[in-house]
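A.B. asks: The chain contents come next:
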Amino acid sequence: MTDQAIEIANVTIRYGALTAVRDLTLNVPRGSVYALLGRNGAGKSSLVRSVLGQRRPDAGAIRMLGEDVWTHRAALMQRVGVVSEDADAPPEMTVAQLARFSAQLYARWDPKEVADRLERFEIPPRAKFGALSKGQKKQTLLALALAMSPDLLILDDPTLGLDVVARKSLFDEVITELADRGITVLITTHDLGGIEMLADRVAIMKNGSLVVEDELDALKTRFRRIRFAAQPDSFGESAPLSLEDIFIAVSGEGAQR
Amino acid sequence: MNATLVIARRELAEKRFVFVTALAFLALALIVPFMPGVHDGERAGALIVGSLILATALSVGLAAILGGSIVGRELSDGRLSFYFSKPIPATAIWWGKLLAAATLIVASFGIVGFPALVAGGAAALSGWTAEGTWSIFAFILFGAGALFLLSHVIATLVRSRSAWFLFDFVAAVICGTAMWMLMRALLAGFAGTLTLRLIETFAAFLAVAVIAGGAWQLERGRTDRKRSHMELSRFLWIAIGCGILITAAFVIWVTSVRPADLRVDNGRQAGQWAFIRGVANNRIDYHAAFLYNIPDGRAVRLPVPPWATVAIRSDLATWFVRSDGVYELWFARLSDRDPKPQKTSIALKDWASPRLTDAGSHVQLLGSGGIVSEYDLTTGRLLGASRWKPEPRPRYVVDIGNGRTVVAMGKGSAVFEGGRMIRTEKNVWPLAIGPATVPLLARSGDQVFLWNPLTGERRAIR
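Protein sequence lines, in the order shown, are assigned to chains A and B.
Note that the first sequence covers residues 1 to 257 in our numbering.
Note that the second sequence covers residues 1001 to 1462 in our numbering.
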């Protein structure tokens, strides 16, 4: 069994003349929380779609939990929980119907866990998915994704458009799950403050390429050294280096908070 | 539960409003017999016709809507990723959706068409049979199925907003043209039934290709609408291309008929050559005609319709070919070592039957409306024409030599010289149907006598 939950090797994704992801290689170690960051249009969602086996890369290969994701997608999804960027569940289905529908598809399914989690999120099971707020939709999808005891959780910008309370609640749930089960998490997000508490490794994409990839602590140390080299007088004066500082330094001005 | 059934169940639950609509249509059908103007004796008929019309309208409309939304709309709306993020094989998504759509179409037709069946089916209507009822039901449902598949393909191609659409258009034109040319080759052999069977078979093949193509499209294209379009296009055009190649091979086999393959239903011999025509064995109703050299087996294929006449002498044959709305006269010199069909400059708007004169240099054409015209075969020059009013349809010609012919018609005979009618005689018909010398053996009523068509003189036979 490989030590990597996800292996992305020399992947290129094109949309006509536009290259969304350019010859990208990265590995997500098992048991890690891997944050994939980048500004809008950096290629994160295209990469996630390919990681989920929904879009075949134009070049390169992607393996998930040791299997080729394109050829073994359906089998792999038994072990992968997904919270997509666009809450794409049918809007006319109620939360309870969504849970029943999902229960029929997964070998491992814990209905009590879904019910408990939805109760914690204060989401009524009879509510139609389309009628839920953005935060409730993401929380519902997270509850469904965690009910099948995933080995790997893929969260594609899960806090996009969520208020502070919903964001905290979602991250708390993921942290609890990590503490309980130690699952691997791949997360793309703009919520740098939230992810800084969670992530072991960070990758930053820019214009379809990977510009930074390392353990979060190592990354901070590296960037602190770079800052000191550039501004020797700042030693001991500046605030501690945050992920946001690194992100802005790498991605440039205007990065979303 | 099987993933296909899970998807089908979900799709049915999502579209359960269709059943409500069907029940509303059913209520409407039940009201029809009691509408003003429908008399007591007409109520059963009104119920049957009303429910059939409403059932057809609903199922056909539903087929078009479902076909357009089953994949095309969900792809463009980005809704397929929900299924693809679950442990569901792409093919199960397709088959589940297809199963649900088929169930909805058949069930809605069944619900609304139910009164027609209960009321004795269309058999209750004068002139219809029970088999006819089921044929109509089958026809409507097959039509709805075809419309569903067509809508699915069009929705996928159009909604992808991909430049591949241009390729699809060009491919459709090329394949359509190729199929038309193949069908024309069969229709040139007057094989109406065979052509129809081939079209039915090809349509069934096309339906299977679209159904299999849908599974391929989702398996290879998944949530990417442009790639989904590309994969469907690729699958369909390869399948259609293969289908056309197989059809072409079949058409080549059908049209490569030899004289030995014919069940001859018409033949005439002149010297060493014979004209034979008939339906080809194992080719349903494909007709073929040949000029056939009896001693050495040489054959010249003639594109003549089964009802057309061919004039043949030992050294010359002539016939009409319909082309672009006119009848062109063709001939073959049988005295040549390798006789080749050649077109004359003679072309008529209406059908006519050719007759060759003694020398073979002139051809006499017997047309409808009683018009007899004579042409020089080589130059195509019209030598003369006459009409004998009492009878619009000439029957046969007796060549009596010196450029003269006797044309037998329904009410008597007319004598022609160089394309001009020189005299007529009512109620007299020559018994000869080929070249003969004067006096001719002729008949009038139940009397048989010797007759001089140039003078009208009659002599009793001894």
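Rather than coming from a laboratory, the hints here were simulated on the basis of the structure.
Any given hint could be a false lead.
[What the hints assert, rightly or not] Only pairs whose alpha carbons sit at most 20 Å apart, straight line, appear in this in silico DMTMM-like list of lysine to aspartate or glutamate:
id, chain 1, residue 1, chain 2, residue 2
1, A, Lys128, B, Asp1446
2, A, Lys112, A, Glu173
3, B, Lys1015, A, Glu92
4, A, Lys134, B, Asp1077
5, B, Lys1411, B, Asp1446
6, A, Lys112, A, Glu122
7, B, Lys1226, A, Glu92
8, A, Lys128, A, Asp58
9, A, Lys134, A, Asp151
10, A, Lys134, B, Asp1446
[Said to hold, decoys possible] Far from chain A, by Cβ distances over 10 Å, these chain B residues were calculated:
id, residue
11, Phe1034
12, Pro1087
13, Ile1088
Here a beta-carbon is modelled for each residue, glycine too, at the ideal position from N, C-alpha and C.
A.B. asks: Sort out which numbered hints this structure fails and list those numbers smallest first.
C.D. replies: 1, 7, 8, 9, 10, 12 and 13
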